[in-house]
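S.K.: Spelled out, the chains give:
There are 2 protein chains.
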Amino acid sequence: MKINELDFKNGLIPVIVQEESSNMVLMLAYAGREALELTVASGLAHFWSRSRSRLWKKGETSGNLLEVSRILVDCDCDALIYMVKAMGPACHTGGKSCFFRALEV
Amino acid sequence: MKINELDFKNGLIPVIVQEESSNMVLMLAYAGREALELTVASGLAHFWSRSRSRLWKKGETSGNLLEVSRILVDCDCDALIYMVKAMGPACHTGGKSCFFRALEV
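Chains as they are written, first to last, in the working numbering: chain A, 1 to 105; chain B, 1 to 105.
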């Protein structure tokens with residue numbers, strides 16, 4: 001599976017970030033082609049920030065970089081997993097994962 | 001965190017489906033409010049099929065239902081995890097997970 005076979009919707013593809021050592025899901029973000037190419041080239045997770053409308057190297061200010069060891073593609077070619085080693089908390093709240101709350105039902 | 005606090009974009013929120021016993025990520029899909037409410041009420045994963053533009057009970061034809069034990073919400077309230085026990089392969093290809101291919105780099 002190559003980058004040009006991926007199904008970018010409005011230029012973006014959702015990316016699940018998963019810690020390789022534990023399989024913990026750390027965050028969900030979005031990548032455009034440029035972010036994906038930079039991730040592949042650098043081995044560090046890059047995304048497209050929808051709120052800031054700009055390319056975003058994860059950890060560029062916090063130092064909490066994500067080293068990407070593998071990228072997985074789903075059956076429909078419209079979702080990715082970055083398998084990572086995290087250099088610090090993934091969440092801007094300081095949590096290891098962004099998914100630290102349960103839905104109350 | 002309650003359903004009415006979630007940030008549905010165009011009526012949908014992305015849902016990572018993760019196997020509780022292994023932490024394996026099985027698929028990524030989308031839920032609207034109705035799909036989420038049916039998931040909570042039934043304990044079985046429901047989604048909104050974007051390709052078919054209809055509510056979709058996962059496994060309704062294949063029998064490969066997903067029992068949802070917990071639902072996690074991310075820090076921005078715009079992504080969910082269904083923690084599940086899978087009754088069979090999650091992927092329509094017969095694979096346990098939809099993420100069975102690596103991106104070639």
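By construction, these hints were calculated from the structure, which means they are not laboratory data.
Treat the hints loosely; a few may be bogus.
One copy or two, it doesn't matter: identical chains are merged, so the pair holds either way.
Said to hold, decoys possible - Okay, derived cross-link-like pairs now, BS3-like style, lysine-lysine, Cα gap no bigger than 27 Å in a straight line:
#1 K96 - K2
#2 K9 - K57
#3 K85 - K57
#4 K2 - K85
S.K.: Each of the hints needs a verdict: does it hold here or not?
M.R.: Comparing the hints with the structure gives:
no.: 1; hint: K96 - K2; in the structure: between (31 Å within a copy, 22 Å between copies)
no.: 2; hint: K9 - K57; in the structure: both (21 Å within a copy, 24 Å between copies)
no.: 3; hint: K85 - K57; in the structure: within (15 Å within a copy, 34 Å between copies)
no.: 4; hint: K2 - K85; in the structure: within (23 Å within a copy, 31 Å between copies)
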